[in-house]
Amino acid sequence: MAIEGMLSFVVSFAVVATIYAIFSLGLNVHWGYTGLFNFGVAAFFSLGAYTAALVTLPKPTGVYAQYVDQIIGLNQPFLVGVIAAGVVAGLVALLIGLLTLRLREDYLAIATIGIAEAVRLVLDNEEWLANGANGLVGIRAPLGSLVAPAYYNYVYLAIAAAFLVAIYILLERGIRSPWGRVLRAVREDEAVAEASGKSVFRYKLQALVLGAAIMGIGGALYAHQVRVIAPSDFNPLFGTFIIWVMLIVGGSGNNRGAILGAFVVWGIWAGTEAVTGRILPAALESRAPFVRFFLIGLLLVLVLLLRPRGILGEEKQVSKLM
Amino acid sequence: MAELVVFGLILGSIIALGAIGLSLTYGILRFANFSHGDLMTLGAYTAFLVVSNLGASGGRIGPLSFGWPMVLAFFAAMAVAGAVAMAADRLVYQRLRRRRISPIMLAIASLGVAIMVRSVIYMAWGGDFRFYTDALRPAMLLPLGIRLRPDEVFVFGMAAGLVLLVYLFLERTRMGKALRATADNPDLARISGIDTERMILWVWAIGGGLAAMAGVLLGIESQLRPEMGWSFLLPLFAAVLLGGIGNPYGALVGGLTIGVAQQVSTYFLLPTYKPAVAFAILILVLLFRPRGIFGSRYGY
Amino acid sequence: MSLLAVDGVVVGYGAMDVLHNVSIEVNPGEIVSIIGPNGSGKSTLMKAIFGLLKPKQGAVLFNGDDITGLPPHKVVRRGLCYVPQAENVFLSLTVQENLEMGGFILNGGVRERAELVYGLFPDLKGAQHKRVGRLSGGQRQMVALGRSLMLEPRLLLLDEPSAGLSPIYVDSIFQRVLEINQSGVTILIVEQNARKALSISHRAYVLAAGENRHQGPAADLLANEEVRRAYLGG
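Chains as they are written, first to last, in the working numbering: chain A, 1 to 322; chain B, 1001 to 1300; chain C, 2001 to 2234.
No lab work stands behind these hints, which were simulated from the structure alone. Among the hints, erroneous ones may be present.
Some chain A residues flagged as far from chain B (calculated, every beta-carbon gap over 10 angstroms) [as the list claims (entries may be wrong)]:
| hint | residue |
| --- | --- |
| 1 | 72 |
| 2 | 80 |
| 3 | 161 |
| 4 | 244 |
| 5 | 286 |
Some chain C residues near chain B, calculated using beta-carbon distances under 10 angstroms [said to hold, decoys possible]:
| hint | residue |
| --- | --- |
| 6 | 2001 |
| 7 | 2077 |
| 8 | 2083 |
| 9 | 2084 |
| 10 | 2088 |
| 11 | 2104 |
| 12 | 2169 |
Just so you know, these numbers come straight off a predicted model, no measurement behind them. All C-beta atoms, glycine included, are put in the ideal place defined by N, C-alpha and C.
Sequences are here, hints too, so could you generate the full structure?
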């Protein structure tokens, strides 16, 4: 029985870590490969999650409609929702990019923080959109009828892992392609890249959209995993900050580093939960999460000071030729 | 509407206090310090610590909701926030600076510091709202149908007084001028023999102190919660960018403007959209006038 | 004994060297110019002397003391002041405040020093409390010079003092440089405007591709055919 409990814990952990790994890969496209300081990951995360929810949920009818407000409810299958999530996130990124990509990096950072906040505010207050602060419930579990509920997590892990592997392969191919090399060049020295005739702006925009679409897909997977979403889920800490820590810890500019970082950091987070649950006196237990926040912040600072390249460091250039 | 404007000025004076410190650090240290909001929170909670331990004995000063312990709390708040800011510099930012790291990495590091500060506050006080005083705080009725609490007049007066002090420091003292010079042109300052590392410590001390006072005043004005400073970041950056990075007077005007704009917006929008107003102004500034209304010596 | 001696310095950025074994000498009371084409390393040499760059090899001696690689704020205290080519004033400060910053490390007597500087640049006195950002290019250059004089330097390094100035101001600036020299300050100038620089200098060096090319009394260089063709426009 204990083994089953452990296994179940590990699987739950792996599901969340896998989803975060997808976000991390998306951020790697933005920051690791293109040098875009996107501090509004939470925006694409939440847009992906909400899109998937609104596309796969039915429109509320009857009594239900009195309590739940949704702009659409298309009742589509899981995959359609995921694709829609990626598309919506990508489109929003396109809009954002057209407006803000020419900004200097720290201005872009501030702007993206604001964008994420704006998205959250809209989702929170415009109830006609997606039920406002109450959020949406009853999101379907794909392939839910396949196994008993107790074992469902294994199925979902397989689903999430499949997406992770697919995205990883796509990105690895992409990075070695001519397109990917231009991206790397842009990150190293924009002036040089511009001088050789490539439209830097267009490449950055493409990278922004691609990364955002990946984050949107991650959001969709998140929605189907937790089945209940609300705007408060997508706060700066868990929606953006922790993903940055994951990427930096694992090694930005490195897809395997992104995935590793997600597992390491989430491992620390989940692991410390198990530990503090046991050693802290009951009175302090409600404060336990904050000790763990502190550790995450400390981890980030320590990595920046002591090992800024992360665990795996940046991948060696595939080719220096442009 | 008049009441909205007046209230906006009061809130704006708090934003301005925070923005002045942020503008100075941004201009001199050349990176966006995302922990500035949490320095505000730290100041507010430090004051809470002092007041909640000494408060009962203090009585009240006139019509204000607090007594002399609060005055002591002001100094404690400034000291603690200033110290933490300087420590963060020595332990983290200075080391990263020595490596010629890009300003973005410094900004990321400051996010880590912000999380640490906020977590400590959460650990010590939890997430509930706190108030400096449980006493009722009635409003006075002023001309033009404006209702203001005496505390709110105090907040504005205090902010104004601090801004005046900062002005005198920057304009009339040797150190203040050297600070402005360093913000204007750090290389030239070094060439002139100014010890820029010392200037940096001064900036953190002043920035932290002003942030702390902004936090305390915000706490007096409304309530304390651990996210209070972080949720101020957008208005703070909007004010700094509006006024021009490194320009403390610009930050003052920017802060007041954002405050008024946010309050007046509640005439048309839900109050929860106030941060969105700040954000809208921020985006407009970045797109159309990144140097700010008054110009900035930094970057663009 | 020379006031400044630069001996075989090699200066570079990373793997790329800009200066290859450059040596110059400046004697007390002289005006010495360094001329040469763009990119020959003239500014780099100045920065290396003043401590903004550290030479990989070679030495910089000031008044007999080895100041190689000493940081700027220490160099300044020894009586060596530097006026950069660009960004050489505090634009958001007033003229008076710029001078005060120039005299920051003084232990008093800043007002008096400022008055002496105003004596040299009477136009600035009228604009005392104006923000330097509002002044013309020529006036700004005067402020830049004035700032550097606040510490009564023994040696003044000027990096392209006439850069970006209109012809009227160019003459004015060089006139002031002469006056400053006459008041006892030794001057080392790096200049693009070779002809003008040579006309007020005692001696000069020609630097090309990071190496010493020619040197000698200014008059000799002005007369030298090769120098005229290559660097003075014939």
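Each hint tested on the structure:
no. : hint : in the structure
1   : 72   : 23 angstroms, holds
2   : 80   : 31 angstroms, holds
3   : 161  : 29 angstroms, holds
4   : 244  : 7 angstroms, violated
5   : 286  : 7 angstroms, violated
6   : 2001 : 26 angstroms, violated
7   : 2077 : 7 angstroms, holds
8   : 2083 : 9 angstroms, holds
9   : 2084 : 7 angstroms, holds
10  : 2088 : 6 angstroms, holds
11  : 2104 : 5 angstroms, holds
12  : 2169 : 21 angstroms, violated
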